[in-house]
Amino acid sequence: MRYIKLIGAFFKVSAQAEMAYRVNFFLRLFYAFLNLLTGVLSLVVIFNQVEMIKGWDLPSAMGLLGVYLLLGALRGLFISPSLESVAGMDGEIWQGTFDFTLLRPVDKLFLVSFRHWRIFALVDLLIGLGVLGYAIHLMGAALTLGAVIHFIITLLCGVILLYAALLAFSALVFWNSGFLFTWVINDLFQLARYPLGLYPGWLRLILTWIIPVGLMTTIPAQALAGSLSTGMLILTVLFTIGAFLGATWLFRQGLQKYASASS
Amino acid sequence: MNHQGGWALIKNTWQSWLQHRGFFFLLAFGWMLPLLVYLFVWSAAAEGGTLNGLSQDTLASYYLVLILVNQLTYTTANWTVGDIIRYGQINRWLLQPMSPIYHALSSEIAGKVVFMLFSIPITGILALIIQPQFNLTWQKGLLFIPSLLLAWMLRFFWGYWLALMAFWATRADSLLALQDSLVFLIGGHLAPIKLLPDWMQLPARILPFRYMSAFPVEILTSQLSYDEIFLGLVIQAGWAFLSVMIYRLVWRHGVRHYEAVGG
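Just so you know, the sequences run in chain order H and R. Note that my numbering has the first sequence beginning at 1, numbered continuously upward. Note that my numbering has the second sequence beginning at 1001, numbered continuously upward.
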């Protein structure tokens, strides 16, 4: 209960800070529009040339794009701003101000994960939902109740996997504070824009099991298209739990290793 | 004009950037990924056939060369010039006895050296994995060089005059984001121009964005007839000339309009 209240407070403070810059809101709208335009036009161009690539047609690829935008929006809403403020460029570990964060009387992992919010990312969230809705509309009658349930479960897995991957990469900063690990994972996340099946075998293996950015979007999109097997569903859930535990373990290990950088 | 001072600045910037190469390698990695995604997407789409006369080999070699050419013509200076104007740091440049464009040029040259140190080996390895076949004639190789130089010139000055809009509007960097989106959509990044749908063909061939990176690559990978190459070179040279003219005009009026902030 206390933690939910805290999240509310963090959200409010972040919102107030952002409201002070009103022009930024229109700029965010402009960027969100560009993002939507390039995403949808990409699919239009590709499926203008071919009807199907490796089993993916326009509606199912559109569903994947919706999942990608939705995950990207959640990342921008709080996961990235919170983690970047610790592990990113000029973050607290670089500056040495992380000491003050450690002194607060709350769970460190909680504080590091939920502290900063970027409310304008709510626009991106709406756009993601819109694209997803459009994809479902394109699929028409093909959608079943079972597919929807599988979709919701795997989408949750996708969010948790994304969080775990970002947390794990941020935790690496405790071992090498000069390197921008968060940038690497942000770059690699772009590969999640298209289904895993499009990539060559070696890359697919990496994007599934080592840096699971491919898994985050492909599996929910498959569930929505109704082509996900029950075995794969269970495997995804188990893998997500494992990844989450692994990432939090890595973070706590890093925290043990942390030595103050301030004098 | 003091060219000696300019050269000293170029050497200085280059050496200092090499010290931070990890950071610049990361930047180069980030620019490479979107193009790699479309390399795989189109390779998967063209499997076992051709798309509008483009084979899987041609598509793969197109994107591999494009990764290099894109980094050779992409200008980071444009993003920083806007900030320097906004924060008033340009005061210092204006007082120095040489043209301020040397500052942009020095980071250009330093950037190219550092980015290529990363990108040439990586694309080399990718070429060994993918092994695309394409036949290169010396005539096309010869025509590639002027078009590459023109592409750099066009992209540099075009971006520079957009960045100089910061003299009038504080958030002019959104213009640069718009340009990046247009280069992606109709500049040959999302798809080679030949694969775009009909309604995008004309804007793609007339507007400057294709001539900023894709056009030299189309020449080198033998996608164009000699007539198309010469027509393209004329359009490219025209845009390059125009961009220099606009830059000079904007600079002259901008500096006059500028009022110093800070020192």
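Warning: the hint list may mix true and false statements.
As the list claims (entries may be wrong) - Straight line, CA to CA, 25 Å or less: simulated DMTMM-like cross-link-like pairs of lysine to aspartate or glutamate:
(1) Lys12/H with Glu84/H
(2) Lys5/H with Glu18/H
(3) Lys1194/R with Glu1047/R
(4) Lys1112/R with Asp187/H
(5) Lys12/H with Glu92/H
(6) Lys1194/R with Asp1180/R
(7) Lys1194/R with Glu51/H
(8) Lys1194/R with Asp107/H
(9) Lys108/H with Asp90/H
(10) Lys54/H with Asp1173/R
(11) Lys257/H with Glu18/H
(12) Lys12/H with Asp99/H
(13) Lys54/H with Asp1057/R
(14) Lys257/H with Glu51/H
Source of the hints: derived by calculation from the structure; they are not laboratory data.
Results for each hint:
1. Of the pairs offered as hints, the one joining Lys12/H and Glu84/H holds, with about 19 Å between alpha carbons and a cut-off of 25 Å not exceeded.
2. About 20 Å separates the Cα atoms of Lys5/H and Glu18/H, which keeps this hinted pair within 25 Å; it holds.
3. A hinted pair counts as satisfied when its Cα atoms are at most 25 Å apart, and Lys1194/R with Glu1047/R qualifies at roughly 17 Å.
4. About 20 Å separates the Cα atoms of Lys1112/R and Asp187/H, which keeps this hinted pair within 25 Å; it holds.
5. A threshold of 25 Å between alpha carbons decides the hint, and for Lys12/H with Glu92/H the separation of about 22 Å falls inside it, so the pair holds.
6. Under the criterion of a C-alpha separation no larger than 25 Å, the hint pairing Lys1194/R with Asp1180/R is consistent with the structure, at around 20 Å.
7. The hinted pair formed by Lys1194/R and Glu51/H meets the criterion: a straight-line CA distance of about 17 Å does not exceed 25 Å.
8. Between Lys1194/R and Asp107/H, the direct Cα distance comes to roughly 56 Å. Violation of the 25 Å bound is thereby established for this hinted pair.
9. Distance hint between Lys108/H and Asp90/H is fulfilled; the C-alpha atoms sit about 20 Å from each other, no more than 25 Å.
10. Of the supplied pair hints, the one linking Lys54/H and Asp1173/R is violated, its CA atoms being roughly 39 Å apart against a limit of 25 Å.
11. In summary, the hint linking Lys257/H to Glu18/H is not supported, as the alpha carbons are separated by about 34 Å, beyond the 25 Å threshold.
12. This hinted pair checks out: Lys12/H and Asp99/H have alpha carbons roughly 24 Å apart, not beyond 25 Å.
13. Of the supplied pair hints, the one linking Lys54/H and Asp1057/R holds, its CA atoms being roughly 18 Å apart against a limit of 25 Å.
14. Under the criterion of a C-alpha separation no larger than 25 Å, the hint pairing Lys257/H with Glu51/H is inconsistent with the structure, at around 53 Å.
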